[in-house]
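Construct all of the structure, not just a fragment, from the sequences and the given hints.
Okay, here's what each chain looks like letter by letter:
Number of protein chains: 4
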Amino acid sequence: MQIAVVGGGNCSPEVRAQARRLGRLLAEEGHVVLCGGLGGVMEAVCCGAKEAGGLTVGILPGEKEGANRYVGIAIATGMGHARNVIIVKSADAVIALPGEHGTLSEIALALKMGKPVISLGSWDIPGTIKAEMPDEALELLDLQVSQRRSWRDRKDNRS
Amino acid sequence: MQIAVVGGGNCSPEVRAQARRLGRLLAEEGHVVLCGGLGGVMEAVCCGAKEAGGLTVGILPGEKEGANRYVGIAIATGMGHARNVIIVKSADAVIALPGEHGTLSEIALALKMGKPVISLGSWDIPGTIKAEMPDEALELLDLQVSQRRSWRDRKDNRS
Amino acid sequence: MQIAVVGGGNCSPEVRAQARRLGRLLAEEGHVVLCGGLGGVMEAVCCGAKEAGGLTVGILPGEKEGANRYVGIAIATGMGHARNVIIVKSADAVIALPGEHGTLSEIALALKMGKPVISLGSWDIPGTIKAEMPDEALELLDLQVSQRRSWRDRKDNRS
Amino acid sequence: MQIAVVGGGNCSPEVRAQARRLGRLLAEEGHVVLCGGLGGVMEAVCCGAKEAGGLTVGILPGEKEGANRYVGIAIATGMGHARNVIIVKSADAVIALPGEHGTLSEIALALKMGKPVISLGSWDIPGTIKAEMPDEALELLDLQVSQRRSWRDRKDNRS
Chain A
1185 MQIAVVGGGN CSPEVRAQAR RLGRLLAEEG HVVLCGGLGG VMEAVCCGAK EAGGLTVGIL
1245 PGEKEGANRY VGIAIATGMG HARNVIIVKS ADAVIALPGE HGTLSEIALA LKMGKPVISL
1305 GSWDIPGTIK AEMPDEALEL LDLQVSQRRS WRDRKDNRS
Chain B
1185 MQIAVVGGGN CSPEVRAQAR RLGRLLAEEG HVVLCGGLGG VMEAVCCGAK EAGGLTVGIL
1245 PGEKEGANRY VGIAIATGMG HARNVIIVKS ADAVIALPGE HGTLSEIALA LKMGKPVISL
1305 GSWDIPGTIK AEMPDEALEL LDLQVSQRRS WRDRKDNRS
Chain C
1185 MQIAVVGGGN CSPEVRAQAR RLGRLLAEEG HVVLCGGLGG VMEAVCCGAK EAGGLTVGIL
1245 PGEKEGANRY VGIAIATGMG HARNVIIVKS ADAVIALPGE HGTLSEIALA LKMGKPVISL
1305 GSWDIPGTIK AEMPDEALEL LDLQVSQRRS WRDRKDNRS
Chain D
1185 MQIAVVGGGN CSPEVRAQAR RLGRLLAEEG HVVLCGGLGG VMEAVCCGAK EAGGLTVGIL
1245 PGEKEGANRY VGIAIATGMG HARNVIIVKS ADAVIALPGE HGTLSEIALA LKMGKPVISL
1305 GSWDIPGTIK AEMPDEALEL LDLQVSQRRS WRDRKDNRS
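Just so you know, the sequences run in chain order A, B, C and D.
Taking the numbering used here, the leading residue of the first sequence gets 1185, the next gets one more, and so forth.
Taking the numbering used here, the leading residue of the second sequence gets 1185, the next gets one more, and so forth.
Taking the numbering used here, the leading residue of the third sequence gets 1185, the next gets one more, and so forth.
Taking the numbering used here, the leading residue of the fourth sequence gets 1185, the next gets one more, and so forth.
Keep in mind the hints are simulated off the structure, nothing from the lab.
Watch out, some of these pointers could steer you wrong.
It does not matter which identical chain is meant; a pair holds if it fits inside one copy or across any two.
Stated by the list, open to error - Simulated crosslink set (SDA-like; lysine to any residue; CA at most 25 Å straight-line): (1) K1234 <-> E1323; (2) K1314 <-> E1247; (3) K1234 <-> D1276; (4) K1314 <-> D1340; (5) K1296 <-> I1309; (6) K1234 <-> E1212.
Structural data, given as structure tokens:
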């Protein structure tokens, strides 16, 4: 799956460690990591994913040259904050780490689009699913996706 | 000034009445009303502004034909939720009425861009300024804008 | 109607005079002028429209502050070249003056969307309608729009 | 490098064969293939690249579900034609095959952004470089990129 990881462009060492661990776990499960391609949480999650041999996609507000060094595929939108919409829309699910209003906009857009949003210490908005640790975030992610699939399958069988 | 009014595409009669009153007040002060161009709060605020002889701009997610009948200038973006970014970015200030996650995304984007956001019964996000009634929202709007101007002037004088 | 006028950000005095005359004519017929909001052809057409008391909308690649002084409503997209799509998509018809590759992209997008495109000394792309002078461009515009309307009416009557 | 291949959503068997061969060649040289993710030329180039074990990115106008089956990474923009800007902006160079006005818009945008554009039987716009066959397109691509690099290096050394 394509999993978006969103969070601050600046972050504490603790959040950075969590993002990196999350990147590793996602890559080990074979997921593609989508993010905004810049620093902080975005860089850490790409770093972790790359260490585990995973594929990372940075969807940038500006030019390709702005991508952090762990971005594998750089999508240069030149569209500023509107790239937040693309990150979320391209994702099967979103994991949000601590961040400011940009992160909040991504959580809001994901909920608007009906995507599962796991909040790993991020904004507490109704509709998000809370996780304490990266490993728990991944378990919740798998659970969410399988639940939505089985719900969809049941709906398909009925019709 | 160009003032964005954001809020739900569906709304209660009370919110509709507030949005319409707000539209009137904005138009009477000579402001251009920007909004998403669809129904609910967007339609009511355009209706009020038009009744007062004001200019209304609908920045639409899809085609021009989707605009409510009180939209004067229809900007057809064809960009879905990314049009939220344009509404907010084109505004000198944002007034938010009750709405769901789309409205939340606009509040978040406006705060991210450093624009004044007045919450008239909308999401309670740190950084927004609360108003109870349309008239109060307008007073707060004028206050905000004049404060930011005088702050900017002082800064310019110092440098 | 909302008529987009596209063309170079830099232009010769002759083209500038044509754009200004075109703006006047459009405003006198009651059309809203849409453009990219910057200099050259965009500034001249806004200038002409404003002189005739018309309404001008600048759909900008960046910030509102980048608008030329004849722009009435400034739409700040922050989306760079992607704003070309919005200019064209918001227009009932497009009039193209001389310009470079940005202008060509707008002509191509307009033709892709099935909009009438009148080329007033601009790129010679199959599907555009050639005009020699601003007055002729306006006549062709009226003709195009009325033809398309009657074609649509006939189609509606048949179905 | 990230190479965008653009062309019609419908195409002749000959063009399809060329696009597929081009995809293979690009993948064999280790390039990532960017495209619009839909049918015709876009599907054929992805097919060829995938057959050669390459990585393909589809930058879609709508939802992820619209991607052809050879797309590896699906970027869902929901932005319609504005996604053309992202395809081109994310590319180090563009190879254009036959297509209609959408393809023309991508060529124009690429030239506007100063990217090398190789026209493999596509629109004949000043500034594009003509190729007759996929193998020639790839040679021209390598030549263009190395020339631009050495030009940039010389400029850097001078300054």
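* Intra/inter-copy verdict for K1234 and E1212 if alpha-carbon distance must be at most 25 Å -> Both, since 10 Å and 22 Å are each at most 25 Å.
* Indicate which option fits the pair K1314, D1340 if close means a Cα-Cα distance not exceeding 25 Å: within, between, both or neither. => Close neither inside one copy (29 Å) nor across copies (45 Å); limit 25 Å.
* To do: If the cutoff is 25 Å on CA atoms, where do K1314 and E1247 land: within, between, both or neither? Let me know, please.
  => neither (33 Å within a copy, 27 Å between copies)
* Is it within a copy, between copies, both, or neither that the alpha carbon of K1234 lies no farther than 25 Å from that of D1276? -> both (20 Å within a copy, 23 Å between copies)
* Go through the copies and call it for K1234 and E1323: within, between, both or neither, with a Cα cutoff of 25 Å. => Close inside one copy (21 Å), not across copies (31 Å); limit 25 Å.
* **Homo-oligomer pair classification [I1309, K1296; C-alpha up to 25 Å]** => Result: close both inside a copy and across copies, 12 Å intra and 17 Å inter.
Hints 2 and 4, counting from the list given before, are not met by this structure.
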